[in-house]
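Chains as they are written, first to last, in this note's numbering: chain H, 1 to 180; chain P, 1001 to 1180; chain V, 2001 to 2180; chain R, 3001 to 3180.
Worth flagging that the hints you see were computed from the coordinates, not collected in a lab. In this text, a Cβ means the ideal position worked out from N, Cα and C, and glycines have one as well. Each hint should be verified, as a subset may be incorrect.
Listed next, the in silico DSS-like pairs over lysine-lysine satisfying Cα-Cα at most 25 Å (straight line) [said to hold, decoys possible]:
{"hint": "1", "chain 1": "R", "residue 1": "3035", "chain 2": "R", "residue 2": "3067"}
{"hint": "2", "chain 1": "V", "residue 1": "2067", "chain 2": "V", "residue 2": "2035"}
{"hint": "3", "chain 1": "V", "residue 1": "2067", "chain 2": "P", "residue 2": "1067"}
{"hint": "4", "chain 1": "H", "residue 1": "67", "chain 2": "R", "residue 2": "3067"}
{"hint": "5", "chain 1": "P", "residue 1": "1035", "chain 2": "P", "residue 2": "1067"}
{"hint": "6", "chain 1": "H", "residue 1": "67", "chain 2": "H", "residue 2": "28"}
Which residues of chain R face chain P? A few of them, derived with a C-beta cut under 10 Å, are [to be verified]:
{"hint": "7", "residue": "3038"}
{"hint": "8", "residue": "3095"}
{"hint": "9", "residue": "3097"}
{"hint": "10", "residue": "3103"}
{"hint": "11", "residue": "3106"}
{"hint": "12", "residue": "3126"}
{"hint": "13", "residue": "3132"}
{"hint": "14", "residue": "3147"}
Heads up, incomplete: computed chain P residues facing chain V, CB under 10 Å, no partners named [said to hold, decoys possible]:
{"hint": "15", "residue": "1063"}
{"hint": "16", "residue": "1172"}
{"hint": "17", "residue": "1175"}
{"hint": "18", "residue": "1179"}
Residues per chain are reported as follows:
4 protein chains.
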Amino acid sequence: MGNILILYDSRTGHTQRMAEYVARGAEKIPQSKVKSRSADEATPDDLRWCDGIAVGSPTQFGVLSAKMKRFWEEVAGGVWGQMDGKIGCAFSSSGGLGGGAELTNLSTLLILMNYGFLVFGVPDYVGEAFTLHYGAVATREPSEGNEIAACERLGERLAQWVAAFAAGRASMDLGPVSQR
Amino acid sequence: MGNILILYDSRTGHTQRMAEYVARGAEKIPQSKVKSRSADEATPDDLRWCDGIAVGSPTQFGVLSAKMKRFWEEVAGGVWGQMDGKIGCAFSSSGGLGGGAELTNLSTLLILMNYGFLVFGVPDYVGEAFTLHYGAVATREPSEGNEIAACERLGERLAQWVAAFAAGRASMDLGPVSQR
Amino acid sequence: MGNILILYDSRTGHTQRMAEYVARGAEKIPQSKVKSRSADEATPDDLRWCDGIAVGSPTQFGVLSAKMKRFWEEVAGGVWGQMDGKIGCAFSSSGGLGGGAELTNLSTLLILMNYGFLVFGVPDYVGEAFTLHYGAVATREPSEGNEIAACERLGERLAQWVAAFAAGRASMDLGPVSQR
Amino acid sequence: MGNILILYDSRTGHTQRMAEYVARGAEKIPQSKVKSRSADEATPDDLRWCDGIAVGSPTQFGVLSAKMKRFWEEVAGGVWGQMDGKIGCAFSSSGGLGGGAELTNLSTLLILMNYGFLVFGVPDYVGEAFTLHYGAVATREPSEGNEIAACERLGERLAQWVAAFAAGRASMDLGPVSQR
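Chain H extracted, bound-state conformation:
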């Protein structure tokens, strides 16, 4: 109850830095257990373990990275249909503003929804004209205050939703998913 997985792929190290800030945000909520895993390290058991997940990918042509996609196809596939009602969100670092970070987050959210996760963005602004309505975005290294604050807020909000909802989900018996 309160297990948060930060799953990321990083090419330049920038998305990994974002992952660290997201984790820091999640840790602000008492009782959260936070675990960070790269796409190379994560296992289906990490997905089973978590109540909520933040998934980060570099922006590569406006869609999440092949490595992160491969994780969901080849590694995680066996737990598809067992993630119902867990909570998910996305973050991405791009090479340039206007370069597809929002769209990359969108592609990540589409995968999470397909797996059964409930997904969210955050209405709040973390600074002057800076928000994370569809997940956290950063341009290159998340060095600026607002970019760091967006990552932290994302992790914090994820942990809040998990704290509020994990007990409810555990009380449901949804049965196995139908596949036809």
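Let chain H serve as the given structure and place chains P, V and R on it in line with the hints.
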């Protein structure tokens, strides 16, 4: 606790028919209170009242209808930032398969996320090769068994999430949204 | 041959400012005729007239504005299926970075594709870590050099494509669209 | 002038079948040279060679396959910024209706736009209530008449645009892309 709003816009009556099936699905869950409103009728109080929402729009050029968009801009705007953690989903009837029903649902989900709703699709298949991974879709009138089953499943799943989660959300004190 | 329509909706004036810069960019290409119209002013004849179009909308909940959507549903509907092979692109001003400007451009591009436009983004960077891969984006007023340069580049590129392609399109006889 | 590349990834053989029908459609246009390549076979030279491309991927969690994404990241990356103004489109076979085929096509189109392709869908209906507004979609094997007709129409339209536009593009000197 357990209030479900079915909000729809309908041009030909097809999306309205979908709304009826979504409502029927939600009513399968005991304790759900289900209210249906067209985009012309709905008020901010309907949004305040609900714990979960299913939003239906005709597919019009791959994006939700202007009338439904207008509702979220002009009618609902005042409750933006007060919807955090409520549960949302989408449905759409299109004029043709391959005509943008999934993309229309996507546009609806983007609005709901912006408002603070957690959004979901359903992994399950409701019939042979028929699912609702990003909300329910129908081609023209939802007359076929699978299309009706998809609408019902969407409403049922929405009511299930609301039943599981509404108490958790009520226990949170998120404070007012920051706007800068 | 070389007619460029800049079509915009603006709530705060920011998207209108972007429209002015997009127009200025288009005018860099000799032989371009550039016309700017708000969503309130534009007519079906403006669409018939143009060889290429740049459509701007404020970012409102991650989807183009109801007013701009309404234009495509109610005003422009009669020329649907007569736009085949014209060139289109998008721009948007948002209230905050990470607030949905890219997604708003996406919704605009979906409408344009539905009408038969070929749509594009621009690979080039217009400044340090600033690009327009899915159309031009600005945060609030496009006052910063990069934001202005992105708008100008968008218009310039649109006019370049039109100059290169309009003669080719005119040579085709596609016949009327089939609607069933 | 008139070189069409059909690039596909296929897991079950269904998307490969679609590719065959898309190729057949392209061949209807005289002077078209049509080449089909799987994601395993294609090379950067295939991209340099083509004037237009149709990219097919299985629908896997609402986003193009990791294998196809990997092609664009690792194999094709070197020709990024040299594709400006070529024409592109998408097709996808999914496991179920409502399962993400339109969204998978969307992810493919985002990559193509990022590379500089102009992308399109087709307004026409190819049968009763069956269209391809955002590319061709099929549910499992494209055995039904409408699904086959949609693939053929996609290829035909691609070849038409290429025939009309390739000469225009060749006449442009866009210069190298700026990367900063």
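Going through the hints against the structure:
no. : hint              : verdict
1   : 3035(R) - 3067(R) : holds (20 Å)
2   : 2067(V) - 2035(V) : holds (20 Å)
3   : 2067(V) - 1067(P) : holds (9 Å)
4   : 67(H) - 3067(R)   : holds (9 Å)
5   : 1035(P) - 1067(P) : holds (20 Å)
6   : 67(H) - 28(H)     : violated (30 Å)
7   : 3038              : violated (24 Å)
8   : 3095              : holds (7 Å)
9   : 3097              : holds (5 Å)
10  : 3103              : holds (5 Å)
11  : 3106              : holds (7 Å)
12  : 3126              : holds (9 Å)
13  : 3132              : holds (5 Å)
14  : 3147              : holds (9 Å)
15  : 1063              : holds (5 Å)
16  : 1172              : violated (23 Å)
17  : 1175              : violated (19 Å)
18  : 1179              : holds (9 Å)
Checked against the numbered hints above, the structure violates hints 6, 7, 16 and 17; every other hint is satisfied.
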